[in-house]
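Given chain X's structure and the hints, the job is docking chain W onto it.
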Amino acid sequence: GIQVEQSPPDLILQEGANSTLRCNFSDSVNNLQWFHQNPWGQLINLFYIPSGTKQNGRLSATTVATERYSLLYISSSQTTDSGVYFCAVKDYGQNFVFGPGTRLSVLP
Amino acid sequence: GAGVSQSPRYKVAKRGQDVALRCDPISGHVSLFWYQQALGQGPEFLTYFQNEAQLDKSGLPSDRFFAERPEGSVSTLKIQRTQQEDSAVYLCASSLSAEQYFGPGTRLTVT
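So the protein lines, in turn, are chains X and W. Just so you know, the first sequence maps onto residues 1 to 108 in the numbering used here. Just so you know, the second sequence maps onto residues 1 to 111 in the numbering used here.
Possibly wrong hints are sitting among the right ones.
[What the hints assert, rightly or not] Using C-beta positions, here's what the derived DEER-type ranges look like:
(1) E71(W) with N24(X): 36 to 42 angstroms
(2) Q78(X) with R81(W): 42 to 48 angstroms
(3) G28(W) with D10(X): 36 to 42 angstroms
(4) R103(X) with P70(W): 36 to 42 angstroms
(5) T20(X) with E71(W): 32 to 38 angstroms
(6) G16(X) with E68(W): 46 to 52 angstroms
[As the list claims (entries may be wrong)] Pairs of lysine-lysine, BS3-like flavour, derived with a Cα cap of 30 angstroms:
(7) K54(X) with K90(X)
(8) K90(X) with K78(W)
(9) K90(X) with K57(W)
[As the list claims (entries may be wrong)] Just a few of them, taken from the derived set where beta-carbon distance is under 8 angstroms, the chain W residues facing chain X:
(10) F33
(11) A38
(12) Q41
(13) G42
(14) D63
Honestly, the hints are just simulated from the structure, not real lab data. Keep in mind that this is a model prediction, so the values were computed, not measured. All residues carry an ideal CB built from backbone N, CA and C; glycine is no exception.
Looking at chain X on its own, in the form it has when it is part of the complex (with noise of 0.2 angstroms):
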């Protein structure tokens, strides 16, 4: 089946700072979405971005399909951006995949 990675696995950043999460997945997909779970487990849907690239506030996302990776940008970070970053990508069927996830940690 599809295999999902993210980079960095950690990340650690002073609130202000702007960071870059990747997403790679092994063969073609025809949904790629973004999730941040919070530190109450609640997976809060950020992007759904098969391709092209999407914004929405201090967010944003880039997916290049025929590369097989996406980017999500988060720009002055804030110590509510804190939590698990997830990439999730489905194939031609129904079985979303998701990747290990980015933790991320906002120092104030």
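Just chain W now, with coordinates in the frame of chain X:
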């Protein structure tokens, strides 16, 4: 409108007990998914429904796991004869088209 809801939020079961976990999807969402998330890992797919039909149950770890969605709305994930390795967070997601929306999860602890 309301998001995906799950109940109970926390469940402690003694080894060997049966448990039932409930998921209320977003109204009108045709697709419903169950995932299992072990501590420190990403969610893993268990099973998928389109309306009342269970189209994929390839992720269910054993025949002790059973899911149903009899009227195409609320779904129940049942685990029989729970074992310690079943301890995890069970997440439900629903979808109208491509994007999935997740509930808060049920944290199951088997003692």
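Right, here's what the structure says about each hint:
no.	hint	result
1	E71(W) with N24(X): 36 to 42 angstroms	holds (40 angstroms)
2	Q78(X) with R81(W): 42 to 48 angstroms	holds (46 angstroms)
3	G28(W) with D10(X): 36 to 42 angstroms	holds (39 angstroms)
4	R103(X) with P70(W): 36 to 42 angstroms	holds (39 angstroms)
5	T20(X) with E71(W): 32 to 38 angstroms	violated (45 angstroms)
6	G16(X) with E68(W): 46 to 52 angstroms	holds (49 angstroms)
7	K54(X) with K90(X)	holds (19 angstroms)
8	K90(X) with K78(W)	holds (26 angstroms)
9	K90(X) with K57(W)	holds (16 angstroms)
10	F33	holds (7 angstroms)
11	A38	violated (11 angstroms)
12	Q41	holds (7 angstroms)
13	G42	holds (3 angstroms)
14	D63	violated (20 angstroms)
Hints 5, 11 and 14 from the earlier list are contradicted by this structure; the remaining hints agree with it.
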